[in-house]
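There are 2 protein chains.
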Amino acid sequence: MKYAITAALAALLLAGSVSAQTPPPAAPAAQPAVIEDFKPSSLNQPGQEYPQVNSQGYARFRITAPDAKAVKVSLGLGGRGGTTLTQGADGVWTGTTEGPMDEGFHYYHLTVDGGIFNDPGAKNFYGSIRWESGIEIPAHDADFYALKDVPHGNVQQIMFPSPSTNTQRRAFVYTPPGYHKDSATRYPVLYLQHGWGEDETAWSNQGHANLIMDNLIAEGKTKPFIIVMTYGMTNEVKMGGLRNFDIKPFQTVMIDELIPYVDSHFRTLSDQPNRAMAGLSMGGFETKLITFANLDKFAYIGLLSGGTISVEDADKTPGFRDKIKLAFVGFGSRELEGGRAGPPGGPPVDPRANAEALKASGFNSVFYVSPNTAHEFQSWRRSLREMAPLLFQN
Amino acid sequence: MKYAITAALAALLLAGSVSAQTPPPAAPAAQPAVIEDFKPSSLNQPGQEYPQVNSQGYARFRITAPDAKAVKVSLGLGGRGGTTLTQGADGVWTGTTEGPMDEGFHYYHLTVDGGIFNDPGAKNFYGSIRWESGIEIPAHDADFYALKDVPHGNVQQIMFPSPSTNTQRRAFVYTPPGYHKDSATRYPVLYLQHGWGEDETAWSNQGHANLIMDNLIAEGKTKPFIIVMTYGMTNEVKMGGLRNFDIKPFQTVMIDELIPYVDSHFRTLSDQPNRAMAGLSMGGFETKLITFANLDKFAYIGLLSGGTISVEDADKTPGFRDKIKLAFVGFGSRELEGGRAGPPGGPPVDPRANAEALKASGFNSVFYVSPNTAHEFQSWRRSLREMAPLLFQN
Numbered sequence: 001m002k003y004a005i006t007a008a009l010a011a012l013l014l015a016g017s018v019s020a021q022t023p024p025p026a027a028p029a030a031q032p033a034v035i036e037d038f039k040p041s042s043l044n045q046p047g048q049e050y051p052q053v054n055s056q057g058y059a060r061f062r063i064t065a066p067d068a069k070a071v072k073v074s075l076g077l078g079g080r081g082g083t084t085l086t087q088g089a090d091g092v093w094t095g096t097t098e099g100p101m102d103e104g105f106h107y108y109h110l111t112v113d114g115g116i117f118n119d120p121g122a123k124n125f126y127g128s129i130r131w132e133s134g135i136e137i138p139a140h141d142a143d144f145y146a147l148k149d150v151p152h153g154n155v156q157q158i159m160f161p162s163p164s165t166n167t168q169r170r171a172f173v174y175t176p177p178g179y180h181k182d183s184a185t186r187y188p189v190l191y192l193q194h195g196w197g198e199d200e201t202a203w204s205n206q207g208h209a210n211l212i213m214d215n216l217i218a219e220g221k222t223k224p225f226i227i228v229m230t231y232g233m234t235n236e237v238k239m240g241g242l243r244n245f246d247i248k249p250f251q252t253v254m255i256d257e258l259i260p261y262v263d264s265h266f267r268t269l270s271d272q273p274n275r276a277m278a279g280l281s282m283g284g285f286e287t288k289l290i291t292f293a294n295l296d297k298f299a300y301i302g303l304l305s306g307g308t309i310s311v312e313d314a315d316k317t318p319g320f321r322d323k324i325k326l327a328f329v330g331f332g333s334r335e336l337e338g339g340r341a342g343p344p345g346g347p348p349v350d351p352r353a354n355a356e357a358l359k360a361s362g363f364n365s366v367f368y369v370s371p372n373t374a375h376e377f378q379s380w381r382r383s384l385r386e387m388a389p390l391l392f393q394n
Numbered sequence: 001m002k003y004a005i006t007a008a009l010a011a012l013l014l015a016g017s018v019s020a021q022t023p024p025p026a027a028p029a030a031q032p033a034v035i036e037d038f039k040p041s042s043l044n045q046p047g048q049e050y051p052q053v054n055s056q057g058y059a060r061f062r063i064t065a066p067d068a069k070a071v072k073v074s075l076g077l078g079g080r081g082g083t084t085l086t087q088g089a090d091g092v093w094t095g096t097t098e099g100p101m102d103e104g105f106h107y108y109h110l111t112v113d114g115g116i117f118n119d120p121g122a123k124n125f126y127g128s129i130r131w132e133s134g135i136e137i138p139a140h141d142a143d144f145y146a147l148k149d150v151p152h153g154n155v156q157q158i159m160f161p162s163p164s165t166n167t168q169r170r171a172f173v174y175t176p177p178g179y180h181k182d183s184a185t186r187y188p189v190l191y192l193q194h195g196w197g198e199d200e201t202a203w204s205n206q207g208h209a210n211l212i213m214d215n216l217i218a219e220g221k222t223k224p225f226i227i228v229m230t231y232g233m234t235n236e237v238k239m240g241g242l243r244n245f246d247i248k249p250f251q252t253v254m255i256d257e258l259i260p261y262v263d264s265h266f267r268t269l270s271d272q273p274n275r276a277m278a279g280l281s282m283g284g285f286e287t288k289l290i291t292f293a294n295l296d297k298f299a300y301i302g303l304l305s306g307g308t309i310s311v312e313d314a315d316k317t318p319g320f321r322d323k324i325k326l327a328f329v330g331f332g333s334r335e336l337e338g339g340r341a342g343p344p345g346g347p348p349v350d351p352r353a354n355a356e357a358l359k360a361s362g363f364n365s366v367f368y369v370s371p372n373t374a375h376e377f378q379s380w381r382r383s384l385r386e387m388a389p390l391l392f393q394n
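From first to last, the protein sequence lines stand for chains A and B.
Under this note's numbering, think of the first position of the first sequence as 1, with each following residue one higher.
Under this note's numbering, think of the first position of the second sequence as 1, with each following residue one higher.
What the hints contain is simulated information worked out from the structure, not anything from laboratory work.
There is no bait here: all hints are sound.
Copies of one chain are not kept apart here, so a pair can be met inside one copy or by any two copies together.
Here are the computed lysine to aspartate or glutamate pairs in the EDC-like style, where the Cα-Cα straight-line distance is at most 20 Å: (1) 323 - 296; (2) 69 - 90; (3) 325 - 386; (4) 181 - 271; (5) 148 - 257; (6) 325 - 312; (7) 297 - 263; (8) 181 - 257; (9) 316 - 350.
Required output: the full structure, derived from the provided sequences and hints.
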């Protein structure tokens with residue numbers, strides 16, 4: 001079975017992917033005066049002083065390359081091609097973003113004499129089909145994904161056999177605190193997918209999904225559940241591959257291989273009411289296709305900057321209103337500005353209006369907007385924080 | 001309690017650490033003709049064609065940096081400063097090592113116009129207190145750490161509270177295949193430490209400890225056991241920090257915090273006969289200090305390119321001969337050439353003679369030499385393969 005993908009959905013998703021690469025809309029011409037309280041980014045490699053961030057969200061870079069002709073950083077403002085560093089008398093290149101960045105996590109890279117390299121000061125995170133440098137702009141609400149002295153769940157790497165792809169495939173499995181101690185309890189499972197160009201490491205490394213859960217559970221705000229994260233790029237790893245997206249290979253891995261493996265190797269509740277699927281960007285796209293085609297397997301759906309669910313979607317899918325207990329849709333506020341969530345050149349898509357209409361029609365539809373963030377991980381961290389307490393409540 | 005560290009041991013370890021940074025002895029002037037069967041390294045980022053390796057062990061690099069003045073690779077032969085790339089008409093820099101490299105894993109980096117960067121084609125591995133590029137020279141015996149269609153154990157990240165350091169610390173725990181299915185079985189535990197400048201990711205990422213165990217277990221060659229890997233650099237993260245090494249902070253984390261956490265969160269056999277400790281390089285140094293001071297907690301000791309155990313060591317430590325069931329010492333063959341295992345400028349140390357004398361004195365001493373490898377992960381992968389079947393046999 002091959003699933004048809006509507007042009008609007010594909011375009012919506014592609015628009016999302018593109019916006020991940022582009023900065024938020026141009027900032028006002030007059031930037032606030034830079035406060036000199038810069039500190040090393042929390043994602044720096046051990047002992048590295050740069051890159052730095054300040055309390056306003058500016059980022060400052062320092063790169064040693066004494067004989068280079070030009071060094072640029074891909075992060076910056078408003079389509080002006082990032083931040084150009086300047087070389088000091090000591091041969092070292094430095095520069096500060098022209099304005100504040102959005103709170104949260106950002107991928108970036110350097111261009112040194114025309115070559116693309118990572119910043120040696122920063123840790124790397126898998127995005128854009130490569131390991132890129134990452135920087136964390138301190139967020140006012142960073143506490144919900146902070147590493148605290150609370151009971152911690154584990155994130156474990158599993159290798160499961162995949163006859164359909166003739167490989168041993170990797171997934172990461174978050175088990176909540178207490179999973180190892182009480183060998184009688186069984187847990188619901190959320191299958192949580194990354195976006196285009198990312199992989200199964202993203203939700204733990206960039207997303208802090210484990211810490212978000214640990215903290216929610218410690219505060220009694222969510223049921224403890226298992227999260228399973230695997231690689232969703234079963235299509236050819238190429239730019240533009242989404243235009244020929246075929247869900248079937250990944251659906252086979254997910255439905256026929258991964259879920260049975262997890263249910264036989266972990267203490268899961270394996271019935272439909274105890275299984276959810278969610279994903280960000282392309283992962284939301286995959287989530288919608290897979291859950292709509294497998295209503296007997298999933299009861300909760302989450303699309304994070306990755307599509308929308310309309311009344312029409314629900315009504316043209318027999319059984320949807322009975323079997324699905326929640327449709328959670330989240331976006332970053334900047335994704336909804338100026339119709340950016342709509343397909344370029346196509347009919348406008350308004351995910352909020354869709355969610356509200358679905359809710360008005362009597363369905364448990366929840367729409368969340370992350371303030372002042374774009375198509376980026378701060379939106380998705382917050383979306384997970386909002387969605388988790390709503391799962392497995394029926 | 002503060003442990004005195006003998007100058008000879010410290011020097012031995014430092015010699016080891018230094019040799020990790022330096023290439024093997026100069027190759028013969030006449031190199032074999034290069035066979036043009038280059039393929040992408042198995043450690044490349046997805047879709048990346050370079051770096052490449054050939055069947056003889058040559059490595060070939062290709063770096064895009066059209067406006068650069070000079071690009072070098074730190075890998076190469078015989079102290080001649082690595083491999084200098086040359087720029088082609090297309091602006092791309094290419095070059096091949098002057099001779100074959102040792103089989104197995106190597107760290108490396110680029111120097112681009114005087115700045116240190118990673119190769120955008122290769123995945124990164126934590127070593128030298130930074131994430132470095134990695135390349136894999138195909139080994140004739142690579143099968144023992146290959147990802148095969150056998151039952152796989154899991155590698156899970158745990159975060160355990162550490163009051164002594166006022167942090168939540170990370171460890172990785174390998175649980176053998178079957179651990180999740182049979183909730184009655186309890187397992188012995190090997191605490192396995194990385195080397196200087198590395199971290200708790202090294203034994204899984206570079207070392208393939210999980211795959212080595214999966215394969216040994218599938219062939220019935222070793223008892224299944226749990227492996228725990230944590231960060232051993234509790235001292236200040238600085239070059240040369242080893243000269244002022246104090247084992248106490250790490251020993252407190254290991255003995256008072258990590259072991260109790262593991263024993264209460266995993267199905268371990270927690271008595272002394274079912275606990276082992278081993279480590280590579282600095283990790284071997286730590287292993288010797290901690291196990292000798294805690295004979296009531298460990299029954300098996302492994303030092304991998306990280307020290308030696310002499311008859312004198314055994315005899316000056318009351319209880320050692322009764323309580324310790326195995327002293328495993330491994331080295332790469334190149335570490336033993338020309339007295340390199342001995343401390344520079346100090347009295348010679350011969351770990352093989354020490355091991356043989358200890359064995360002749362009636363103790364279960366095993367000495368292993370990895371053929372044609374140096375102070376590098378291929379030696380340690382092989383040492384783990386040799387050591388694992390000998391553990392927990394008493």
